[in-house]
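Please take these sequences and the hints and turn them into a complete structure.
There are 2 protein chains.
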Amino acid sequence: MRNIALRLAYDGTRYHGWQVQKNAITVAETLEKALSKICGHPVRAVGCGRTDAGVHALRYCASFRTGCRIPADRIPPALNALLPRDIAAVYAVEAGESFNAIRACEKKEYIYRLHNSRIRDPFLTGRACFFPSLLDLDRMKAAAGHFVGTHDFKAVRSAGTETKTTVRTVFWCDIGAEGDMITLRVCADGFLYNMVRAIMGTVVYAGLGKLEPSAIPGLLEDGDRRLTGPTMPPQGLFMSRIWYPGAVGEMMRK
Amino acid sequence: MRNIALRLAYDGTRYHGWQVQKNAITVAETLEKALSKICGHPVRAVGCGRTDAGVHALRYCASFRTGCRIPADRIPPALNALLPRDIAAVYAVEAGESFNAIRACEKKEYIYRLHNSRIRDPFLTGRACFFPSLLDLDRMKAAAGHFVGTHDFKAVRSAGTETKTTVRTVFWCDIGAEGDMITLRVCADGFLYNMVRAIMGTVVYAGLGKLEPSAIPGLLEDGDRRLTGPTMPPQGLFMSRIWYPGAVGEMMRK
Numbered sequence: 706m707r708n709i710a711l712r713l714a715y716d717g718t719r720y721h722g723w724q725v726q727k728n729a730i731t732v733a734e735t736l737e738k739a740l741s742k743i744c745g746h747p748v749r750a751v752g753c754g755r756t757d758a759g760v761h762a763l764r765y766c767a768s769f770r771t772g773c774r775i776p777a778d779r780i781p782p783a784l785n786a787l788l789p790r791d792i793a794a795v796y797a798v799e800a801g802e803s804f805n806a807i808r809a810c811e812k813k814e815y816i817y818r819l820h821n822s823r824i825r826d827p828f829l830t831g832r833a834c835f836f837p838s839l840l841d842l843d844r845m846k847a848a849a850g851h852f853v854g855t856h857d858f859k860a861v862r863s864a865g866t867e868t869k870t871t872v873r874t875v876f877w878c879d880i881g882a883e884g885d886m887i888t889l890r891v892c893a894d895g896f897l898y899n900m901v902r903a904i905m906g907t908v909v910y911a912g913l914g915k916l917e918p919s920a921i922p923g924l925l926e927d928g929d930r931r932l933t934g935p936t937m938p939p940q941g942l943f944m945s946r947i948w949y950p951g952a953v954g955e956m957m958r959k
Numbered sequence: 706m707r708n709i710a711l712r713l714a715y716d717g718t719r720y721h722g723w724q725v726q727k728n729a730i731t732v733a734e735t736l737e738k739a740l741s742k743i744c745g746h747p748v749r750a751v752g753c754g755r756t757d758a759g760v761h762a763l764r765y766c767a768s769f770r771t772g773c774r775i776p777a778d779r780i781p782p783a784l785n786a787l788l789p790r791d792i793a794a795v796y797a798v799e800a801g802e803s804f805n806a807i808r809a810c811e812k813k814e815y816i817y818r819l820h821n822s823r824i825r826d827p828f829l830t831g832r833a834c835f836f837p838s839l840l841d842l843d844r845m846k847a848a849a850g851h852f853v854g855t856h857d858f859k860a861v862r863s864a865g866t867e868t869k870t871t872v873r874t875v876f877w878c879d880i881g882a883e884g885d886m887i888t889l890r891v892c893a894d895g896f897l898y899n900m901v902r903a904i905m906g907t908v909v910y911a912g913l914g915k916l917e918p919s920a921i922p923g924l925l926e927d928g929d930r931r932l933t934g935p936t937m938p939p940q941g942l943f944m945s946r947i948w949y950p951g952a953v954g955e956m957m958r959k
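Chains D and G supply the protein sequences, listed in that same order.
For the first sequence, counting from 1, position 112 maps to 817 in this note's numbering; every step adds exactly one.
For the second sequence, counting from 1, position 80 maps to 785 in this note's numbering; every step adds exactly one.
The set of hints was computed from the structure by calculation and includes no laboratory data.
Ideal Cβ placement from N, Cα and C applies to all residues, glycine included.
There may be inaccurate statements among the hints.
[To be verified] Some, not all, of what chain D presents toward chain G, calculated at C-beta under 8 Å:
| no. | residue |
| --- | --- |
| 1 | 770 |
| 2 | 825 |
| 3 | 832 |
[Unchecked claim] Negatives, chain G to chain D, calculated, CB over 10 Å:
| no. | residue |
| --- | --- |
| 4 | 724 |
| 5 | 734 |
| 6 | 743 |
| 7 | 794 |
| 8 | 832 |
| 9 | 842 |
| 10 | 890 |
| 11 | 951 |
[Said to hold, decoys possible] The following label-pair restraints were derived from C-beta to C-beta distances:
| no. | chain 1 | residue 1 | chain 2 | residue 2 | range |
| --- | --- | --- | --- | --- | --- |
| 12 | D | 772 | G | 724 | 50 to 60 Å |
| 13 | G | 866 | D | 738 | 35 to 45 Å |
| 14 | D | 876 | G | 774 | 51 to 61 Å |
Written as structure tokens, this is what we have:
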């Protein structure tokens with residue numbers, strides 16, 4: 706069996722996340738339907754991670770097994786002819802037999818976009834979190850920096866998913882601003898459930914003066930979810946980069 | 706009666722254009738419903754121009770008359786609480802008694818966005834025209850330049866609207882590119898029906914090599930719509946700037 710890795714991009718607004726669910730349209734299900742038509746047999750897609758309802762992906766990696774003979778580079782155009790316009794197949798490559806889009810992933814980056822303006826922008830609806838309150842950008846930058854490093858992140862995750870450990874390594878976590886758009890960029894070897902949205906909530910609390918940036922190391926150590934900032938809404942969140950070894954990594958970097 | 710001018714922005718995807726129609730949701734109708742609630746009486750809004758179904762506005766000007774006493778600067782937040790999220794009220798100002806958003810308009814600018822890429826971007830769906838064919842940017846720039854000046858533009862308009870004259874003055878018409886986004890920017894004292902979309906179709910034909918840029922002055926002179934390029938789809942078109950004298954002009958420039 707061939708094992709094909711796909712690079713996708715999607716606007717998650719209409720979807721109940723990546724993972725196949727009963728009674729809700731998901732990205733995986735939509736992709737699998739299109740892949741099954743192309744391959745001529747039922748296809749199961751493995752995604753690089755679960756994204757929640759309303760969360761987007763600038764880059765996403767999914768893999769699937771098939772016996773069909775269609776060349777890898779013909780798969781994206783064939784898929785795009787079948788997929789709805791809020792999902793795009795960007796590239797495809799032959800992956801090793803044992804490749805799995807979750808297990809092979811070395812690190813991931815997410816961005817969270819906050820539209821910090823008095824007035825809503827109709828072109829940002831569903832693609833940024835509208836946040837009209839005054840924010841102190843320097844305090845937000847200082848707050849974000851405290852998440853870098855190897856820590857137990859249970860203070861910034863939501864319950865509901867079993868994991869062996871809540872320790873993760875964050876390689877970078879920074880705040881940038883362009884006009885009235887404030888963007889958090891965070892890269893880690895793995896993310897707990899709702900971790901980026903809770904980090905952003907904590908960074909926003911620092912920006913509002915509700916929390917001292919210097920208190921964050923202590924809050925992480927305490928591990929009490931009730932003391933950090935809120936889980937921000939999904940529409941500001943984008944999976945932005947994913948790192949893999951070999952040919953799949955090359956495809957995701959292009 | 707007070708006469709209030711509003712600055713709006715809207716994503717036209719869900720609407721059948723600006724103007725109130727039977728059996729179709731329009732921007733004007735949606736705005737009038739919200740204004741009527743705020744003012745406590747039925748409101749009629751006058752727009753600065755008709756936009757077609759699917760066409761967007763980065764800036765749009767509408768005016769309405771009311772006897773209500775709500776201060777102008779309180780109208781946008783009140784409206785935004787009632788409007789759907791694809792329409793935003795940005796500013797409001799008291800306009801002179803005789804102000805009319807169509808008649809007072811000195812000039813307007815539209816942009817047309819062409820996503821010239823092999824691969825669809827799900828975040829541009831409905832907000833740019835996807836155009837994967839190879840285009841010669843220099844030929845497009847040369848073509849656009851030929852529309853500048855005072856000409857009879859009947860070769861680049863669709864039938865269906867009565868006008869006294871088809872002569873207009875185009876102040877600028879140029880092509881810019883950033884990454885894989887090609888943008889036409891055209892400013893005139895007035896536009897004929899579908900004029901920007903037909904200009905863009907003609908510029909695209911030049912970029913494809915189907916038409917010589919230097920042939921455009923002759924095509925305008927001939928005035929035969931069948932010899933110029935096609936009317937491009939609406940989703941790439943945005944009303945971008947509008948010029949007025951006085952306080953309304955100031956509000957639109959902010």
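Verification of the supplied hints:
At its closest, the beta carbon of residue 770 (chain D) sits 24 Å from a beta carbon of chain G; the interface hint therefore is violated under the 8 Å criterion. With a cut of 8 Å, the hint placing residue 825 (chain D) at the interface with chain G holds, because the nearest CB-to-CB distance is about 5 Å. Hint status for residue 832 (chain D) relative to chain G: holds, with the closest Cβ pair at about 7 Å, below 8 Å. The claim that residue 724 (chain G) lies off the interface holds: its Cβ sits roughly 19 Å from the closest Cβ of chain D, which is beyond the 10 Å cut-off.
Listed as a non-interface residue, residue 734 (chain G) keeps its Cβ farther than 10 Å from every Cβ of chain D; the least gap is roughly 17 Å. Its beta-carbon lying about 17 Å from the closest one in chain D, residue 743 (chain G) satisfies the requirement of being farther than 10 Å from that chain. Against the 10 Å criterion, residue 794 (chain G) falls within the reach of chain D, whose nearest CB is about 8 Å from its own CB. Listed as a non-interface residue, residue 832 (chain G) fails to keep its Cβ farther than 10 Å from every Cβ of chain D; the least gap is roughly 7 Å.
Residue placement check: residue 842 (chain G) keeps its beta carbon more than 10 Å from all beta carbons of chain D (closest about 23 Å). Every beta carbon of chain D lies more than 10 Å from that of residue 890 (chain G), the smallest distance being close to 17 Å; the non-interface claim holds. With 10 Å as the threshold on Cβ separation, the claim that residue 951 (chain G) sits away from chain D holds: the shortest Cβ distance comes to roughly 22 Å. Checking the proposed 50 to 60 Å range against residue 772 (chain D) and residue 724 (chain G) shows it holds: the Cβ atoms sit about 56 Å from each other.
Separation of residue 866 (chain G) from residue 738 (chain D) is about 44 Å and conforms to the stated range, judged on CB atoms against 35 to 45 Å. About 57 Å separates the C-beta atoms of residue 876 (chain D) and residue 774 (chain G), a value consistent with the hinted range of 51 to 61 Å.
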